[in-house]
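For the record, the sequence lines run as chains A and B.
The first sequence lines up with residues 11 to 320 when you count with the working numbering.
The second sequence lines up with residues 7 to 451 when you count with the working numbering.
Hint data in this document are derived by calculation from the structure and do not stem from the laboratory.
Warning: the hint list may mix true and false statements.
Just the calculated beta-carbon pair ranges, DEER-fashion [unchecked claim]:
1. B:Ile252 <-> A:Tyr24: 42 to 50 Å
2. B:Pro350 <-> A:Pro77: 35 to 43 Å
3. A:Glu81 <-> B:Ile321: 28 to 36 Å
4. B:Ile321 <-> A:Gln187: 49 to 57 Å
5. A:Asn117 <-> B:Asp306: 51 to 59 Å
6. B:Asp306 <-> A:Tyr24: 57 to 65 Å
7. B:Ser11 <-> A:Ser34: 37 to 45 Å
List of simulated lysine-lysine pairs, DSBU-like, C-alpha gap at most 30 Å [claimed, not checked]:
8. A:Lys234 <-> A:Lys255
9. B:Lys427 <-> A:Lys97
10. B:Lys124 <-> B:Lys56
11. A:Lys120 <-> B:Lys15
12. A:Lys189 <-> B:Lys9
13. A:Lys124 <-> B:Lys9
14. A:Lys100 <-> B:Lys228
15. B:Lys9 <-> A:Lys116
16. B:Lys228 <-> A:Lys124
Owing to the predicted nature of the structure, the values given are computational and were not obtained by experimental measurement.
Each residue gets a CB set at the ideal place from its N, CA and C atoms; glycine is no exception.
Okay, here's what each chain looks like letter by letter:
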Amino acid sequence: MNHILVANKVSKRYGDHTALQNVSIEIPKNSIYGLLGPNGAGKTTLIRIINQITYPDQGEVLFEGEPLRSEHIAQIGYLPEERGLYKSMKVGEQALYLAQLKGLSKNDAKQRLKYWFDRLDIGNWWNKKIQELSKGMAQKIQFIVTVLHEPKLLIFDEPFSGFDPINANIIKDEILQLKENGTSIIFSTHRMESVEELCEHIALIHRSEKILDGKLSDIKQAFKKNIFKVAVDTNAPYGLLDQLKNSFTILDSATSQGQLDFSVQLVNGTSNELLNFLGTQGTIKSFTETIPSANEIFIRTVAKQGVIDE
Amino acid sequence: MSKLSLIIKREYFAKVRNKSFVIMTFLSPFLMVGMIVLIAYLTKLNDNEKRIIAVLNESDFFANEFITSESTSFVKFRDITLQEAKDSTLNMGYYGLVYLPNESDLEKVSQRSFFYSKDAPSTNTLERLERIFKERLKQERLREFGISASEYAEMDSTYELNISTFDGEHNLKGINEIKAIIGGGFGYLIMIFIIIYGGFVMRSVIEEKTSRIIEVIISSVKPFQLMLGKIIGTSLAGITQFGIWIVSGGVLLIVSMAIFNIDPADLSSGGSGPGMGAAQNPIMASADSDMILYAQEIMDIPWVLLVFFFLIYFILGYLIYSSIYAAIGAAVDNETDTQQFIFPIILPLMLAIYVGFFSVFSNPHGPIAVGFSLFPLTSPIVMLMRLPGGIGEGGVPIWQLVSSILILIFTFIGIVWLAAKIYRVGILMYGKRPSYKELLKWLKY
Chain A
11 MNHILVANKV SKRYGDHTAL QNVSIEIPKN SIYGLLGPNG AGKTTLIRII NQITYPDQGE
71 VLFEGEPLRS EHIAQIGYLP EERGLYKSMK VGEQALYLAQ LKGLSKNDAK QRLKYWFDRL
131 DIGNWWNKKI QELSKGMAQK IQFIVTVLHE PKLLIFDEPF SGFDPINANI IKDEILQLKE
191 NGTSIIFSTH RMESVEELCE HIALIHRSEK ILDGKLSDIK QAFKKNIFKV AVDTNAPYGL
251 LDQLKNSFTI LDSATSQGQL DFSVQLVNGT SNELLNFLGT QGTIKSFTET IPSANEIFIR
311 TVAKQGVIDE
Chain B
7 MSKLSLIIKR EYFAKVRNKS FVIMTFLSPF LMVGMIVLIA YLTKLNDNEK RIIAVLNESD
67 FFANEFITSE STSFVKFRDI TLQEAKDSTL NMGYYGLVYL PNESDLEKVS QRSFFYSKDA
127 PSTNTLERLE RIFKERLKQE RLREFGISAS EYAEMDSTYE LNISTFDGEH NLKGINEIKA
187 IIGGGFGYLI MIFIIIYGGF VMRSVIEEKT SRIIEVIISS VKPFQLMLGK IIGTSLAGIT
247 QFGIWIVSGG VLLIVSMAIF NIDPADLSSG GSGPGMGAAQ NPIMASADSD MILYAQEIMD
307 IPWVLLVFFF LIYFILGYLI YSSIYAAIGA AVDNETDTQQ FIFPIILPLM LAIYVGFFSV
367 FSNPHGPIAV GFSLFPLTSP IVMLMRLPGG IGEGGVPIWQ LVSSILILIF TFIGIVWLAA
427 KIYRVGILMY GKRPSYKELL KWLKY
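If we strip away everything but chain A, and leave its shape as in the complex, we get (with noise of 0.2 Å):
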């Protein structure tokens, strides 16, 4: 059994709007799963759903194997997008709270608190109250107590909203030693050159429907489009990239003294073909495949489903 979660054809709606069609997914242990989608995608849905804030209307969604129940809301650590503390109530006393309603036992959060407060260095924030923290203080406390009692799975929405780029890297170091720790992460994020970073697998949903998903790395293989970019030094650039424009796709090309940049698309199996035609050219400089970012593949397999809905 390899996945913390499955979701299997789960559907729901609200009055005539769907919020999530025939969607399963798969999140393998210990690794980070990334939920992609353009907003109203369903996102916030599928994970009310995976938090028992809400019920699907069809489809089941298993816990390591089992149907999902009430006791499984301790195995789970939720951030959600809108989040927030109750403002007039103390650093402390409030993560001691909610530590006990995930069931931890006062002296067992009491510990963790200490530890995590420590490593965040933020023990001397106990019995402040949080109106008096400013908003990136208050979400690493929101961080805390989101994973003080190391659940199996976590699910991280917009995790790095709030933070100033040097604590968005200390939240993202965080993350990546949980998962080295053993527990599984959903992440669910607009930002995609942190989807590039952190994400092994990812979904895309769209529209109520999941689209895409996979490995990370065979969908970008899939999306690859055989293209190089190329840079040879040569003494007629302009020559050469006539001569090549009669048998390659050439893209877009630049030229400048004694040198010539061009991208190509290439037929499957070609690029030897290329490299010994230009070596007889020039000196190749550099030679690489583009693989498209996340970032592409998000806007290009949701404009082909059509217009990003705002």
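With chain A fixed as given, assemble chain B onto it according to the hints.
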């Protein structure tokens, strides 16, 4: 510790530690008692103001009837014209002038007498003057009929029809009202409690929405648990506050009554008609025995049962209303949006109080009283007004009590179920004020 008790504990302490709550808890008794003392003091001051009234008597009939009393003194004018008398009354700053013209008989004198004053005279003063005339006329007639004053006093016996239930229990006039007031007191308490602490529940839900902690919490607990914990925690805080108010208010009241030397009777009978004072003396003895009967009757009110049913109606009524308040809090984004939803809640409460005071007072077992004591949104208040009359024969029929409670329980289950649904959907909805139509749609989610 179970999640529910954790939530209750948090809600309780969040409320009790709140600064404005603490201030209200300890300031309110002072304000209330201060107000009562002030009113009593002012009433006393008002009574102490002495009025001077000039009397110009041109007739032969009144001589020593105008007796200076504690609150009014009379100054007699002699041998001046009416105009001069008016002028000097004004000049001297007296309260007014009584003018008795010279006529052939008392009847005519009385009919043509006038009271002149700068402003419209107070009813107290008028009544006092009218009593003087009445008394004089009565004496005159008695003299005409040849009856002595003592003979008359014997004749002037008061009479009240004895009333009794069929099984021979002695009944007292007005006891229904007294009982309804006692029950009404309980009902009123429920209403006040619902309005104050229901509002607290609502604001606390709104706070969770605006601070956006709600989704964090309900990923750990069921929305229904949160709602229930909130209602219970807030009401425990409310009971704490009420308890402090009652104890400290009572102590303060007694202490300040002693300090300012205020007779509690001043408050209840303050300014009640002088007619009563005049009539009371001869029948004082019988009044005393009636008082004992009234006391007896009040002691006979089934207090234990009353308190027992008070608790039942209080808990059920409060839970019904506060879950509606919680649902409202969940449906809106900020407090200003709550108005349109709150009015329909306050309405049945007000209706219960007014219907209770008007119709239960006059007839505790009439159709209106019965109807409203069965209707679940008003029954907690109206039924409590009826209950001091007893249960069973002569009081509230058992079937009515049982069905009223059963209806209330079913309504409670229904309303809490509906409210929980609205709550569950509403707490995750941001940014728009829902219409009633939308709320109905939420019930289907």
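Status of each hint after checking the structure:
no., hint, verdict
1, B:Ile252 <-> A:Tyr24: 42 to 50 Å, "holds, 48 Å"
2, B:Pro350 <-> A:Pro77: 35 to 43 Å, "holds, 41 Å"
3, A:Glu81 <-> B:Ile321: 28 to 36 Å, "holds, 31 Å"
4, B:Ile321 <-> A:Gln187: 49 to 57 Å, "holds, 50 Å"
5, A:Asn117 <-> B:Asp306: 51 to 59 Å, "holds, 57 Å"
6, B:Asp306 <-> A:Tyr24: 57 to 65 Å, "holds, 59 Å"
7, B:Ser11 <-> A:Ser34: 37 to 45 Å, "holds, 39 Å"
8, A:Lys234 <-> A:Lys255, "holds, 22 Å"
9, B:Lys427 <-> A:Lys97, "holds, 26 Å"
10, B:Lys124 <-> B:Lys56, "holds, 16 Å"
11, A:Lys120 <-> B:Lys15, "holds, 18 Å"
12, A:Lys189 <-> B:Lys9, "holds, 29 Å"
13, A:Lys124 <-> B:Lys9, "holds, 23 Å"
14, A:Lys100 <-> B:Lys228, "holds, 24 Å"
15, B:Lys9 <-> A:Lys116, "holds, 13 Å"
16, B:Lys228 <-> A:Lys124, "holds, 28 Å"
In this structure, every one of the numbered hints holds.
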